[in-house]
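Number of protein chains: 4
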Amino acid sequence: MSLNSFGRVFRFSTWGESHGPAIGAVVDGCPPGLAINEADIQPFLDKRRPGTSKFTTQRQEPDQVRILSGVFEGKTTGTPISLMIENVDQRSKDYSDVAKAYRPGHADYAYDAKYGFRDYRGGGRSSARETASRVAAGAVARLVIPDVDIFAYVSEIGGDAIDYARFDAAQIDENPFFCPDPIAAKRWETLVDGARKDGSSLGAVVECVASGVPAGWGAPLYAKLDSELAAAMMSINAVKGVEIGDGFAAARLRGEQNADPMRPGPDGLPLFGANHAGGIAGGISTGQPIKVRIAFKPTSSILIPVDTITREGEAADIITKGRHDPCVGIRGVPVVEAMMALVLADQMMLHRAQCG
Amino acid sequence: MSLNSFGRVFRFSTWGESHGPAIGAVVDGCPPGLAINEADIQPFLDKRRPGTSKFTTQRQEPDQVRILSGVFEGKTTGTPISLMIENVDQRSKDYSDVAKAYRPGHADYAYDAKYGFRDYRGGGRSSARETASRVAAGAVARLVIPDVDIFAYVSEIGGDAIDYARFDAAQIDENPFFCPDPIAAKRWETLVDGARKDGSSLGAVVECVASGVPAGWGAPLYAKLDSELAAAMMSINAVKGVEIGDGFAAARLRGEQNADPMRPGPDGLPLFGANHAGGIAGGISTGQPIKVRIAFKPTSSILIPVDTITREGEAADIITKGRHDPCVGIRGVPVVEAMMALVLADQMMLHRAQCG
Amino acid sequence: MSLNSFGRVFRFSTWGESHGPAIGAVVDGCPPGLAINEADIQPFLDKRRPGTSKFTTQRQEPDQVRILSGVFEGKTTGTPISLMIENVDQRSKDYSDVAKAYRPGHADYAYDAKYGFRDYRGGGRSSARETASRVAAGAVARLVIPDVDIFAYVSEIGGDAIDYARFDAAQIDENPFFCPDPIAAKRWETLVDGARKDGSSLGAVVECVASGVPAGWGAPLYAKLDSELAAAMMSINAVKGVEIGDGFAAARLRGEQNADPMRPGPDGLPLFGANHAGGIAGGISTGQPIKVRIAFKPTSSILIPVDTITREGEAADIITKGRHDPCVGIRGVPVVEAMMALVLADQMMLHRAQCG
Amino acid sequence: MSLNSFGRVFRFSTWGESHGPAIGAVVDGCPPGLAINEADIQPFLDKRRPGTSKFTTQRQEPDQVRILSGVFEGKTTGTPISLMIENVDQRSKDYSDVAKAYRPGHADYAYDAKYGFRDYRGGGRSSARETASRVAAGAVARLVIPDVDIFAYVSEIGGDAIDYARFDAAQIDENPFFCPDPIAAKRWETLVDGARKDGSSLGAVVECVASGVPAGWGAPLYAKLDSELAAAMMSINAVKGVEIGDGFAAARLRGEQNADPMRPGPDGLPLFGANHAGGIAGGISTGQPIKVRIAFKPTSSILIPVDTITREGEAADIITKGRHDPCVGIRGVPVVEAMMALVLADQMMLHRAQCG
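Protein chains in written order, with numbering that gives the first Met the number 0: chain G, 0 to 355; chain E, 0 to 355; chain Z, 0 to 355; chain H, 0 to 355.
In isolation and in its complexed conformation, chain G is listed as follows (with noise of 0.2 Å):
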């Protein structure tokens, strides 16, 4: 059932918590014979890194990650590549309280009534540390579609969302926020202070364009793309929805106003006059870009007290004390690209085996 594992042929699994010592992600079925080394994975580690900014956690994180097999000489063997990041920074003296009652909107109710306990420092599995692994592991799967092309930001924070006649994707690593719009990123900084300073969170959107796929990855009916990436960006922490084209706007649109138009390219490929899709048809790429939107929950680590109850059943209130994110979206835009290069990977090697 591999409840800790994604993918069908190119296929992750992670293991680690908050507070134990170390985090990893074993990637199993990668090709042989890519270059790599840990500081091709690096950079899209520091990207997700806590304590870059004070939009963040200040926990202090290095986030260095060892190549523990599947490598030699610089390359891929097509074994097991066994990816570690010890944890540095846990302070478990933090959460005594959260060991006696339940923090809502966390998983701390939902863990103890599955397993009969918990490991509750730092939320263990729970904690959205565990995304690290995966980033570390979309490292890799970037490597296997190397033609493809993969980038996130936030569109939207608390409400606010940006303008995208003023998009300019230069902009994106220009500010704490991942953000495409100057002016918005500047509004934000105000934003999410606030809410910080206020001991609140608050929710953002995350939109991911994968360019460079080909049509025909993909493969019906429950190995769809778009299925596929459902499940990938729902697994992410804080998420509670995704949309794969226009989504839910989708809905509001009449047949001929959702039809993207197809007419002879240059190159022997379809010219799209619009992408309502976001790239997939009937589960299979389009060849146009794959867009994906993506929907967090404010983070739920906040010092406002909320009502709850004990382990014991009792009435109580809490406040979860510790190093929080104010918005847990931020830093999902590595991890949603993160998955994205996992999910195309994967396809691409699915569609290989198929049909050669």
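Among the clues, some could well be false.
Copies of the same chain look alike in the list, so a pair counts if it fits in one copy or across any two.
Quick list of in silico lysine-lysine cross-link-like pairs, BS3-like style, CA-CA up to 30 Å [stated by the list, open to error]:
hint, residue 1, residue 2
1, K185, K196
2, K74, K99
3, K74, K320
4, K185, K53
5, K46, K185
6, K53, K320
7, K46, K74
8, K53, K196
9, K46, K320
Rather than coming from a laboratory, the hints here were simulated on the basis of the structure.
Given chain G, put chains E, Z and H in place with the hints provided.
Here is chains E, Z and H on its own, set in the frame of chain G:
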């Protein structure tokens, strides 16, 4: 890789094309000893059946299911349950144009790009007809989780939403739209009929609720209940978006607004003050109702000409003759319910495997 | 978990019971564009078909296969291929005793212990009749690997082995035992007929060779080619042992005897001086013929009374009336060939997925 | 496809090469609440550990296991258990010849044919060192099925078999061969030492028995208990044959000889008169002890020169310097036990999933 299977423990596979001799599902891993016969499955198929009102396709299919294996003396034996539905009312002649040119919004071009050719009759494998197999499998799944109550309804068609103040579950089966708001249902008659007469089509939003799910189903991290539901729903034809609980609206809330506060309840279980999370935290059920929202795009088969290209890459325009749903989301309701049942039956068994 | 499926990329599932209306297989992941029709499958089923000589069961089954999906205009489409074989000559009345008491050597007791009850007619799901579905699926698999030549034969019945000095592949289809040694085949007539008249049964050894497999198929470590073959063969009814290459005899060799020395060959490939390894090293094919040896126990259905207990736990004795193979290993030959084809088709595609 | 994972519900993956920094296993799906720490795993690793007698390789590896995740306050949490063993005594210089030419019987040529190159140090991923990871995972599996007793032993080395009349389980741990017959153990000292001094190697047969398995574990048809065991055992390095119960000897019995007659037993369970079936009928356990027999070929690493070719295809001869087991089957004993435990833990959970 199981391209056409879904589920981990309670697992089903579907096969069949729109215009082949039959379609079907094989359900594997079903618990033994459950009382079942064709009459337990048929009502769900009847609910999805085409040709029952002028708001759905006029194709006439009795959708009579046969159980070919896995049941002995009226009880499941624990071996695979093979379910077959014969195709009766195929009219292959309607699809001659489709053989030559690609219908925008359909899988035609993507299938050709992937496989080199396609069964163009009625969309072949990409036809929504496949969902009848899911509905049959879903009827079996319901027997596995008898204490779970599942229902879905249409909450919006063509951008016209129900008024939740008028929500009446008893109304859902009283109109051809599975609409819980009788006033909206009236409006939709005009709306859908208008689109049909225009040769156009409309999108829709379907909502699904499962109550009676105990806390503890689901699993970290890539087998999360919400991740499985997202994959399940996104695998349905024409679906472009999935939300759990508040979904994208959660991205606009602050942490303290989005928390679902807990208080001690009368029976030792928590009493939740809200259900923004849609019954799932950390990928595991909380005991609250599971809530999912699904966006269906407008049917791509329309009578309004759209620019396209032929298989040879020439410019053309195309209209889709034949018999089609003006709003495919309507008949999506029993399919969404089936997928919910299939995911939950699987998760119940998965939970039992690990936690006894 | 896919209890009734096999394969990773080229994947098939079977369903059906001995005395239900039909049995069948669904083949998923098949490459598109392969020419196929029922006539390509039927000869393999005919080879396995009961009632063709007095040395096999007298049940008369035409075993006519129907392709219900996945093929369009005579070519595979890449979607699931549903294959169905109707059961024609069931005689359920033969099995009344079996309903009450357990046949030693059969699955009766184990099924009851697991599921609480069982379809006792002809062994239900545990009947060797299921292997017809595998043979049908195997015929499809052969199309995926057209350059691989697969054949199997019986090398031993009831302890009486062929003389390899007389091995003649052309003889295999010239006698009812798939025996490559015509002298042994003559002896076996008397041997098997004697066992049949005694109401007893005999075991057999089947050997299978696949040539034309290039070096490089298979994978470490739990997808090893030999591991997959062992699972495939051991899943066949009545199989109790599997050997690759020299098998148990290798355990009696010294390292230098067991080595398969290599010399440069005429075409740039190695020329091997022996094939103790059976064509597999480290779980990966070496380019030599793949060799597997399979032990079939004697048919458990015999007319000689055996001590047993009833469902209520009372002492009883039982004989198995009905029509049975005196040596089930004989009809195992086309099943073993089918499993070889199914494993190799899968491994070819798996290799293509990872290594391009 | 999970090339390096095994199991359906209780599932483990291994990673690592002979001469990399470490090897390890990730166990996924383990039930929560089981008491465990490193000291529960270490004795099994110590049993497999090299360098403990002159009859095994002289490589000195402490094989100290670390638990990196999935355990909190001494109990399994239900999340992945990451187990790591550092490689300490690598001597990469020993393997320079191996880089240039292929060792017959080894995976060298097959790996190069598949992947284009290979980590030649100590066999890389194909080294038997990987089995330490299995032994660690197997120690966890044993905790899941505490009522099952598993033991294995060597029954034959180099064709010299034990005398079953002298079988004494208490002797197994009293000699360096895991031999239950003290007289045979004495003979093997001379035998194995002779092979070692000759620079040669010997094959072996290992037998494994699991008692305490209740009737009902296992499943039709491709998840049969015997099929899973065959795959598990055949995945171990150097294994070339697997038998369940009487195995190939059953092929020489008549039906009435091979039947395991049943009589009412004292506790409501059947009392079996024999166990030819090895505790499995129809792929499902019968309540009798599970019996498996496994053939290990002689170690391919020998000091006697063998004809081979270089990577460039030139004729050469090769001897394998370095430190090797003269009989790899001996250290196979704890590995076989581990695989038995891993299969049974998985099957128990699989049974619980379906049958409650």
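| Which of the listed hints are not met by the structure? | none
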